[in-house]
Amino acid sequence: MFPFVFEWGWDVGRLIFMGLLYMVLGAIGFGLLYAFVMTWLKLTGRDRLYERLWLRFPFTLW
Amino acid sequence: MDAAFVPNAVQRCSLRTFALWMLVWLALVVWGLVSAFLCFYKGLNQTNMNHYFAFGLWIVFDLSLIALGAGAFFTGFLTHIIGNVFIYPFVKSLKAIIKPAVVIGFICYSAAIAMLGVDIGQPLRGWFIFWHANVHSMLTEVSFCITVYLGVLTIEYLPIILSNRKLKEVPELNIFGNNLHHMVALFAAAGTFLSFFHQGSLGGMFGVLFGRPFAFREGFLIWPWTFFLFIHSSIAAGPSFTLLCVWIAQKATGKKLVKDSVLIVLAKISGWLLATYIVLKIMDTVGWAYGVVPKAGLSFIDFYQGTYGVWLMVAEIGVFGIIPAIILITPSLRERSGLVIIGAAMNVTGIVLNRFVFAIQTLAIPVMPFDTFMSYIPTWQEWGIALGSIGYGIMVFSLSYRYLPLFPQEAELNPVTVLGKGVTDFGVVKRG
Numbered sequence: 747m748f749p750f751v752f753e754w755g756w757d758v759g760r761l762i763f764m765g766l767l768y769m770v771l772g773a774i775g776f777g778l779l780y781a782f783v784m785t786w787l788k789l790t791g792r793d794r795l796y797e798r799l800w801l802r803f804p805f806t807l808w
Numbered sequence: 469m470d471a472a473f474v475p476n477a478v479q480r481c482s483l484r485t486f487a488l489w490m491l492v493w494l495a496l497v498v499w500g501l502v503s504a505f506l507c508f509y510k511g512l513n514q515t516n517m518n519h520y521f522a523f524g525l526w527i528v529f530d531l532s533l534i535a536l537g538a539g540a541f542f543t544g545f546l547t548h549i550i551g552n553v554f555i556y557p558f559v560k561s562l563k564a565i566i567k568p569a570v571v572i573g574f575i576c577y578s579a580a581i582a583m584l585g586v587d588i589g590q591p592l593r594g595w596f597i598f599w600h601a602n603v604h605s606m607l608t609e610v611s612f613c614i615t616v617y618l619g620v621l622t623i624e625y626l627p628i629i630l631s632n633r634k635l636k637e638v639p640e641l642n643i644f645g646n647n648l649h650h651m652v653a654l655f656a657a658a659g660t661f662l663s664f665f666h667q668g669s670l671g672g673m674f675g676v677l678f679g680r681p682f683a684f685r686e687g688f689l690i691w692p693w694t695f696f697l698f699i700h701s702s703i704a705a706g707p708s709f710t711l712l713c714v715w716i717a718q719k720a721t722g723k724k725l726v727k728d729s730v731l732i733v734l735a736k737i738s739g740w741l742l743a744t745y746i747v748l749k750i751m752d753t754v755g756w757a758y759g760v761v762p763k764a765g766l767s768f769i770d771f772y773q774g775t776y777g778v779w780l781m782v783a784e785i786g787v788f789g790i791i792p793a794i795i796l797i798t799p800s801l802r803e804r805s806g807l808v809i810i811g812a813a814m815n816v817t818g819i820v821l822n823r824f825v826f827a828i829q830t831l832a833i834p835v836m837p838f839d840t841f842m843s844y845i846p847t848w849q850e851w852g853i854a855l856g857s858i859g860y861g862i863m864v865f866s867l868s869y870r871y872l873p874l875f876p877q878e879a880e881l882n883p884v885t886v887l888g889k890g891v892t893d894f895g896v897v898k899r900g
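If you read the sequences in order, they're chains A and B.
Residue numbers for the first sequence follow my numbering, so the first one is 747 and each next one is one higher.
Residue numbers for the second sequence follow my numbering, so the first one is 469 and each next one is one higher.
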């Protein structure tokens with residue numbers, strides 16, 4: 747799963763499989779982090795920054 | 469007593485009635501927990517699985533739950549991805565059903581993973597499959613995807629939980645729930661990607677069994693045809709299962725929870741997907757009978773003997789495949805409320821039968837000249853865990869229905885009036 751696990755090898759199969767996994771985990775992590783940060787901005791009264799960072803779907807997603 | 473937690477402008481049964489209802493399903497859960505305890509304490513000798521049947525009732529339930537839970541990702545994909553990017557005429561209808569679809573998906577996946585936790589025998593070593601991942605194994609891919617997808621479903625379920633009337637009063641939770649919901653398209657995209665691969669790999673897992681010609685299939689690049697057929701069948705059955713669950717909820721509560729047009733849209737989507745799936749499944753079966761079977765030096769009838777006769781194929785493709793497809797794609801038939809439910813139920817049964825055939829019949833067929841056709845009957849412990857998952861699902865759905873605004877059309881379809889005036893907040897009517 748990680749390069750420091752003993753059976754890891756830098757082969758194409760592993761890079762594709764793990765690459766896609768970490769890409770999806772990254773996207774999910776980004777979504778969660780964004781929700782946490784935006785909540786913190788709103789709760790601490792940073793409304794201007796909150797408005798600037800507000801993503802408008804679908805254009806920003808694609 | 470719990471009135472403060474009930475969503476606005478809707479009515480719920482008394483807490484006593486609700487507790488009695490929950491007690492029935494709790495009994496199933498307790499049966500499941502006792503069975504799980506026995507399996508952990510005494511081992512898998514509590515089951516009738518053996519060297520022939522490494523997959524048993526739990527895997528049939530797992531495969532079925534995962535296929536039926538596909539309603540969550542597919543409805544999410546149509547609503548949040550297709551609906552946001554393209555002009556999609558059904559988006560409004562699907563938005564009325566997306567919350568229950570997410571809850572059903574969450575229930576299906578969490579129950580399936582809990583069952584797998586018992587099935588692997590030593591759950592304390594369950595993390596091995598992640599840590600020492602064999603990236604060439606379909607099963608590894610399934611393990612990664614269903615686990616991560618359960619995480620996605622939990623994230624999608626969270627804003628629904630946080631929309632509870634009391635939780636909404638906490639500003640931190642309310643704002644966080646709204647922000648999380650704002651990102652739902654991203655989570656829906658991740659869920660679609662994960663679902664596509666694990667639904668497919670569940671089928672691919674059987675298709676690559678070179679030594680078992682009943683399941684083995686040729687395919688496209690590294691993926692056998694079963695990979696694509698499993699994806700297709702799950703997105704065909706998922707919306708039908710959602711429709712069926714909503715209909716059961718309507719019957720149990722005695723209320724109309726969504727407009728009929730919403731159920732018709734689900735039936736239409738499900739019907740066309742089922743119809744195209746059945747055409748491909750028939751082509752696959754004919755290709756298998758004239759390709760894989762003679763190459764293995766066997767004949768078609770060698771695979772259908774004893775309990776697992778040809779009737780299984782007739783039931784799976786004919787009775788529970790072609791007939792529901794005709795019902796669900798024919799407007800005059802699907803618009804009859806009784807027939808649409810029968811069509812959806814038959815569709816769901818057909819997919820469960822398909823998963824049963826792949827998991828059990830594949831293993832029942834002899835692979836050595838000295839082997840005979842085997843059969844498998846689950847023990848009460850196996851039934852306990854499988855039925856316990858159903859009890860758990862009904863309990864979670866009932867709690868969600870009671871305390872969360874799952875059905876946005878419910879208040880409009882069941883107006884609550886007190887002293888002749890409509891109530892928009894629970895029990896509050898302004899006089900004069």
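Some clues are possibly wrong.
Capping the alpha-carbon separation at 25 Å, the derived lysine-lysine pairs in PhoX-like fashion look like this [what the hints assert, rightly or not]:
#1 Lys636/B to Lys563/B
#2 Lys724/B to Lys510/B
#3 Lys736/B to Lys723/B
#4 Lys788/A to Lys736/B
#5 Lys724/B to Lys736/B
#6 Lys889/B to Lys788/A
Rather than coming from a laboratory, the hints here were simulated on the basis of the structure.
Evaluation of the provided hints:
The straight-line distance between the Cα atoms of Lys636/B and Lys563/B is roughly 21 Å, inside the 25 Å bound, and the hint therefore holds. For the given pair, Lys724/B sits about 47 Å from Lys510/B by alpha-carbon distance, which is inconsistent with the 25 Å threshold. For the hint linking Lys736/B to Lys723/B, the alpha-carbon distance of about 23 Å falls within 25 Å, and the restraint holds. Restraint check for Lys788/A and Lys736/B: not satisfied, since their Cα atoms lie roughly 42 Å apart, outside the 25 Å limit.
Pair hint Lys724/B plus Lys736/B holds up; C-alpha atoms about 20 Å apart against a cutoff of 25 Å. Restraint check for Lys889/B and Lys788/A: the C-alpha separation of about 37 Å exceeds 25 Å, so the hint is violated.
Of the numbered hints listed earlier, those contradicted by the structure are 2, 4, 6.
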